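Chains as they are written, first to last, in the numbering used here: chain A, 1 to 395; chain B, 1001 to 1450.
Hints listed in this document are in silico derivations from the structure and should not be mistaken for laboratory results.
In this text the structure is predicted, and so the values were computed from the model without any measurement.
Heads up, the beta-carbon is just placed ideally off N, CA and C, and yes, glycines get one too.
Any given hint could be a false lead.
[Claimed, not checked] Restricting the straight-line Cα-Cα distance to at most 27 Å, the calculated cross-link-like pairs of lysine-lysine (BS3-like) are:
{"hint": "1", "chain 1": "B", "residue 1": "K1144", "chain 2": "B", "residue 2": "K1084"}
{"hint": "2", "chain 1": "A", "residue 1": "K100", "chain 2": "A", "residue 2": "K289"}
{"hint": "3", "chain 1": "B", "residue 1": "K1013", "chain 2": "B", "residue 2": "K1105"}
{"hint": "4", "chain 1": "B", "residue 1": "K1013", "chain 2": "B", "residue 2": "K1098"}
{"hint": "5", "chain 1": "B", "residue 1": "K1144", "chain 2": "A", "residue 2": "K289"}
{"hint": "6", "chain 1": "B", "residue 1": "K1336", "chain 2": "B", "residue 2": "K1394"}
{"hint": "7", "chain 1": "B", "residue 1": "K1084", "chain 2": "B", "residue 2": "K1101"}
{"hint": "8", "chain 1": "B", "residue 1": "K1098", "chain 2": "B", "residue 2": "K1084"}
{"hint": "9", "chain 1": "B", "residue 1": "K1105", "chain 2": "B", "residue 2": "K1084"}
{"hint": "10", "chain 1": "A", "residue 1": "K275", "chain 2": "A", "residue 2": "K289"}
{"hint": "11", "chain 1": "A", "residue 1": "K289", "chain 2": "B", "residue 2": "K1336"}
{"hint": "12", "chain 1": "A", "residue 1": "K289", "chain 2": "A", "residue 2": "K103"}
{"hint": "13", "chain 1": "A", "residue 1": "K289", "chain 2": "B", "residue 2": "K1394"}
{"hint": "14", "chain 1": "B", "residue 1": "K1013", "chain 2": "A", "residue 2": "K275"}
{"hint": "15", "chain 1": "A", "residue 1": "K30", "chain 2": "B", "residue 2": "K1144"}
{"hint": "16", "chain 1": "B", "residue 1": "K1084", "chain 2": "B", "residue 2": "K1013"}
{"hint": "17", "chain 1": "A", "residue 1": "K289", "chain 2": "B", "residue 2": "K1098"}
{"hint": "18", "chain 1": "B", "residue 1": "K1013", "chain 2": "B", "residue 2": "K1101"}
[As the list claims (entries may be wrong)] Over the 10 Å line for every Cβ pair with chain A, so calculated as not near, a few chain B residues:
{"hint": "19", "residue": "N1189"}
{"hint": "20", "residue": "E1347"}
{"hint": "21", "residue": "H1425"}
[Unchecked claim] Just the calculated beta-carbon pair ranges, DEER-fashion:
{"hint": "22", "chain 1": "A", "residue 1": "E16", "chain 2": "B", "residue 2": "V1027", "range": "36 to 42 Å"}
{"hint": "23", "chain 1": "B", "residue 1": "G1028", "chain 2": "A", "residue 2": "T238", "range": "52 to 58 Å"}
{"hint": "24", "chain 1": "B", "residue 1": "L1104", "chain 2": "A", "residue 2": "R104", "range": "55 to 61 Å"}
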Amino acid sequence: MATQRPDRFDQVDWDEVTESSGFSLTVNAKGLLATTIPLVGLAVYDWQVLDKRTPTFDALGWDFDVPGLDYLFAFTILLFVFYVALPLYQNPRMTRYYWKEFKRNRPAVVSLGWIAFVFVVGLIGPLFVAAPEQSVLHSYQPPMYLSVDTANAGTCLGETANGRCFGTWQYPLGTTRAGKGVFAGIVHGMTISMKIGFIATFIAVLFGTTFGTVSAYAGGWVDEILMRYVDIQASFPTLVFYLLIIYTFGGGLWLLILLLGIFSWEGMARYVRSKALSVTEEEYIKAVKVSGASSFRVVRRHMVPNTASSIITDTTLLIPGFLLAEAQLSFLGLGDPTVASWGQLIAAGRDALAFAPWIVLAPGLMLFLTILAFNFVGDALLDALNPEAAAEAER
Amino acid sequence: MTEQPLLSVRTLKKHYPIRQGILSRQVGAAKAVDGISFDIYRGETVGLVGESGCGKSTAATSIVRLEDPTDGEVVFNGGGREDKERNSDGTHPNDVTKFDKQELKAFRRDVQMVFQDPSSSFDPRMSVGSSVAEMLLVHGMTDKHRRRAIVEDLLERVGLSAEDYDRYPHEFSGGQKQRIALARALVLNPELLVADEPVSALDVSVQAEILSLISDLQAEFGLSLLLISHDMSVIRKVCDRVAVMYLGEIVEIGDTEAVFTNPQHPYTEALLSSIPTPDPRTRAEGIELTGTVPDPVNPPSGCRFHTRCHRVVQPEGLDVEQSVWRGLIDLRYRVKGGQIDVETLRENALAAESGDGDGVSDEAVTAEIRTEFDLPDRLSDPEADRALSEALDKLVDGDIEDAAELLDSTFSTPCEETTPDYTDHGDGHQSACIRHSDEIASAELAADDD
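Make the full structure from the sequences, and use the hints.
Here it is in structure tokens:
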């Protein structure tokens, strides 16, 4: 450029600026696009080019098939990275402030650690631990350091003494009746839990936030229609609907996740709307409107971030609900029997509770701890994510 | 004046419909702004003053089209739209209320607004710099570094430092936030600034700083300013011209000096008398306005101020003292509204008589009413006195409707019958008071001669 452009507000040539104006993307959007496009490409390739039985990475000589649901899972993780994790890195001062507030709640810090652990193990664990496989000979092996009556166990892999079979490192947490390792089941169950947590939550947050903020901002008949729809959906018998679908199409994890996500956001929409209503009255919303910003911009840049405390805390209460719902349906035999979820493991162990309690206890404990952790974290986030409250206290 | 005004508002109205029932039928409207007209010239500061609830903020939001006005015209001649003729159908090409999306967006650059409450005028989740820079982004400036440079320069101009760009709103004091709000309003280089109570949430010392900052910026960048305030002293300090609003209407408009030294409308007089004088020796003879602002859904007929006016005109053939007349009008409206509780008055009278006997005479109660409305025992006008006594007797007997009717017929004022027109007092100083219309003025003069 030959001349330095003036950098004073009264020397801006607005005709030039508005004419040259194009489309600009934030770093976050660019990152998301850059990673999502290959993902979509891969999905299309898998779906259109390869036949059903060929593993996705067959061309690279890697025998690894990506199930359809995992594309969506990967996408929600990318969203999480670019719109939750990256903004925290971009605004270090805000992050430090939140962390300082969050840290006050000790159980929440421990809980966050636990959730991170489940997340990481669920993500990379399956690469190291093989999926639990049926092996009838190895049924009811006890966990390490525990024993079971040889009459109950199949072929005992470990030592036998006084008519009791002892556990081995091959199955550190014992096995089920079908001889599936409980430890492998738990690791793979983490993956399933993460999928349920991420995908169903993504769907619920997407709908809940959109409905809540849009109906609060638009008001009038838009508000009326959206919220009456929410009322109708809230009174919809989801369980019966789910049973009907299983009966007609057969169950599957993806169906369960989809239904959980689609039929769970009514509460969030109402909660977000009530918060958003107070935000619409704020003067900064008027100020942004006076600037000529589009409604989309007002909702996306101002309404959603300022209702984030409601969204995030409600989310942390939704996720445990999803995990529990999956476990309950699996326990009732309505889940997807082909996936190794914690609920399936619990269901598999319920007949043998008398002599092989580990099959139920291990995944049950995991479920309990994870749900407890989400509740603790949600509680602490509610306190931490409220700069208005802090600002009011300063005044 | 040959010069074209930058902004001219003509019979602007904003009515909020009131809906009832399951079908949401409109049963009435709150007339927040009901036909105001004024002009703002280039570089001029116009004040809009009035008590809370009179519609000044609604006027502002309607002018900048945050809300769509019900009726009227806002012609904005800035931003390269100068010297346009009216269309053949009478509409004006520069009428803001009819701007389409594109014109409106360009208009947003030329007119900006400063809000009242500094604590809520910034997004708490955005650094103040980003909040200011967002204005530039909205209008298509995609160059991040350029935005930052402009905003940092502007922050320094309003008395902050460039480092404040990255700080969050809660880290600033109210006065600092109002400076940033000014920066935000200025960053698009507008021609007109609408400031809605810009200093009323601030300490008096900070108020002065912000006001002088506004004046400086105005002088430097040739801004026009519409300043909305309830505070007459703020208006006097800053404004070239002032428009006084009461219940959705402008009752007086003129050069600030003329309005302040020679107020023509009784409401302006009352507002001016509310300014505290720093001299302890001059005792303020405050004009106390009785009653509250009437409901804008159902405004008083005629002159809207007559229910509270201390100069409410007496009908022909009646001659009582002005304060007594005011009391009579108050009494009349209270009786009409069913707001006089005879039983309570009776008990009060009983207490005053120290509980002697088994009740109080009706005379004692009427006396109580007279004291409450500052009415003497006998009115100077015998005919009026007779009517008053009769009405009071009926009131005490519990015949409220008849009492109200009698009061209505005897003590009616021309103010409630005629809607006053604007009278010119020279130099664009206008007021809407019936006392300035010829016949009433001459009658009053005649009355003064007695």
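Quiz item: Hint by hint, which ones does this structure get wrong, listed from lowest number up?
Solution: 1, 2, 11, 12, 13, 14, 19, 22, 23, 24
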